[in-house]
Amino acid sequence: MPLSVNTLFFASYRELVGASMLSVELEEGATVGDLVQELRGRGAPFDALPAEPAIAVNHTYAMLDEPLGQGDEIAFIPPVAGG
Amino acid sequence: MPLSVNTLFFASYRELVGASMLSVELEEGATVGDLVQELRGRGAPFDALPAEPAIAVNHTYAMLDEPLGQGDEIAFIPPVAGG
Amino acid sequence: MGDARVIHCSVGPDVIDPIEVLSQVGSDEDGAALLFVGVVRNHADGRPVSGMRYDAYLEMAQKELGEIAGEAAEKLGTDRVAVEHRTGELEIGEVSVAIAVSSPHRAQSFDAARYVIEEIKKRLPVWKKEHYQDGTEGWVKGAVPPGTAAATGGVAKAGTTT
Amino acid sequence: MGDARVIHCSVGPDVIDPIEVLSQVGSDEDGAALLFVGVVRNHADGRPVSGMRYDAYLEMAQKELGEIAGEAAEKLGTDRVAVEHRTGELEIGEVSVAIAVSSPHRAQSFDAARYVIEEIKKRLPVWKKEHYQDGTEGWVKGAVPPGTAAATGGVAKAGTTT
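Chains as they are written, first to last, in my numbering: chain A, 1 to 83; chain B, 1 to 83; chain C, 1 to 162; chain D, 1 to 162.
Any given hint could be a false lead.
What the hints assert, rightly or not - Covered stretches of chain C, going by a simulated chain A footprint (3 or more residues, C-beta under 8 Å): (1) 52-61; (2) 83-97; (3) 122-133; (4) 140-149.
The set of hints was computed from the structure by calculation and includes no laboratory data. Keep in mind it's a predicted model, so treat the numbers as computed, not measured. Beta carbons are placed, not taken as given, at the ideal position from N, Cα and C, and that holds for glycine.
Can you build the whole structure from these sequences, using the hints too?
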C-alpha cells in the first residue's frame with residue numbers, strides 16, 4: 001500500500017520550489033531520506049534542494065533514517081533565523 | 001599647622017561608633033592609616049573598627065598610605081551590599 | 001506541548017508589548033527579573049535596512065518555543081518564563097521577540113534569558129527577509145538546527161541557502 | 001562625574017519605574033535591549049523577610065554608579081545605559097535597582113547589564129538591613145570593595161562586619 005505524505009517548503013525553499021505544499025506518494029517503509037531522494041530525482045527545481053537538508057517530521061526535527069507514516073507532515077527547513 | 005578632616009561612619013560602623021560624623025585633628029602630612037590608628041587608639045568603641053578598613057577619601061576608595069588634606073571627607077565603608 | 005511548565009509562550013502576528021510580557025513573571029520569592037527585547041534595527045552587515053518580514057512554520061514554532069522555554073525554566077528553577085515571537089512585516093524599531101524571566105537570584109535569570117534567545121536563533125523555524133533601503137531584499141543567513149542531517153552530515157553543503 | 005557618557009544614572013529614595021528606565025534606552029541602530037530589575041524578596045538564606053532598608057553614602061554612590069555605568073557603556077559600544085538604585089525602606093516586591101541597556105547586537109547588552117549589577121554589588125557604597133518576620137533585623141553580609149586596605153591587606157580580618 002503506498003504511503004502518502006504532505007511535504008512543506010518554507011522561506012527560500014518555498015521560493016526555490018515554487019510551492020509551499022506538495023503531496024508525495026512513497027513506498028511503504030519509506031524514510032525521510034527516501035523522500036528527499038524521490039524529490040531530487042524529479043530534476044529542476046527539486047534537484048536544487050540539499051541532499052542532506054534539515055527536515056521536521058510532524059513538527060519535530062528528524063534525521064534521514066526516520067521512517068515515515070501515512071499522512072505525515074514533512075517540512076524542509078532552510079537555515080533558521082529567528083529572534 | 002594641624003589638619004582637620006571630617007570622618008563619616010555608615011551602616012554597621014555607624015551603629016558601632018554611635019555617630020555618623022566626627023571631626024578629627026591630625027598632624028600635617030597624616031595619611032589614611034594615621035587617621036585609622038588615631039581613632040583606634042582612643043579605645044572603645046573605636047578600637048572595634050578594623051585596622052585595615054575600606055576607606056573612601058572625597059568619594060573615592062583609597063588605601064592606607066593615601067595622604068590627607070585640609071577638610072577632606074574620610075568615610076569608613078563597611079562591606080557593601082547594593083543591588 | 002513542551003510549554004506546560006512555563007507561564008506564557010506564543011508565536012504569531014500580534015504586536016508584542018514587552019511590558020506586558022514582563023508583567024507576567026515575578027513572585028514574592030524572586031529577587032531578580034530580566035526582560036530581553038529583540039528589535040528590528042536599521043542596518044545589517046553594514047547595509048541600510050528599511051524593514052523585515054518574519055516567516056514561520058507556525059505550529060512547529062509554537063511547539064519548539066514551548067520546549068525552549070521549558071528547558072529555560074529548568075535552568076531557572078521556576079516556571080516564570082514568558083516569551084513571545086512575532087511574525088509578519090515589521091518596521092524598524094518594532095519588537096520581534098520579548099523574553100521575560102524571574103528567579104530568586106540573578107544568575108539564573110541571566111542564564112535562562114540568554115538560553116532562550118540563543119536557542120531561538122538555533123532552532124526556531126522562523127526566517128527573516130530583509131528589505132534594504134535600495135529596494136532589494138534578501139533572506140537573512142540562518143543557522144542549521146541541531147538533530148538534522150544538515151547539522152550532522154553535510155553542514156558545508158546544506159548550511160547555506162540556495 | 002563618571003556618568004557623562006551614559007543616558008541616566010541616579011541613586012535616591014524615589015520609587016523606581018523599570019519601564020521608564022527601559023524607555024530611556026534604544027535607538028534605530030539597536031537590535032537588542034535588556035532590562036534587569038532587582039526586587040526585594042521574601043526570604044534570605046532561608047529566613048522569612050518582611051522588608052529591607054537601603055542605606056547609602058549618597059554623594060559617593062551617585063559618583064560610583066556613574067563610573068560603573070560608564071564602564072558598561074564602553075563594553076556596550078553605545079551610551080545607552082540607564083540605571084537607578086533606590087534607598088530607604090522597601091517592602092517585599094518593591095524595585096531596588098533597574099538597569100536598562102541597548103546595543104546593535106545582543107551579546108553586548110547581556111554583558112553590559114550583567115557588568116553593572118555585579119559591580120554594584122562589589123563597589124556601590126550601599127548597605128541593606130533586613131527586617132525578619134520574627135521582628136529581628138540584621139545587616140546583609142556584604143562585599144569588600146576593591147582598591148581598599150580591606151581588600152588587599154587584611155581581607156580575613158576586615159571582610160566581616162564587626
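Here is what the structure says about each hint:
1. Counting residues of the stretch 52-61 of chain C whose C-beta sits closer than 8 Å to any C-beta of chain A gives 7, which meets the bar of three, so the coverage hint holds.
2. Remark: the stretch 83-97 of chain C is confirmed as covered by chain A, as 3 of its residues place a Cβ nearer than 8 Å to a Cβ of that chain, reaching the required three.
3. For a cut-off of 8 Å, the count of residues in the stretch 122-133 of chain C with a CB near a CB of chain A stands at 8, and the three-residue condition holds.
4. Three residues within the 8 Å Cβ limit are the bar, and the stretch 140-149 of chain C against chain A gives 10, so the coverage statement holds.
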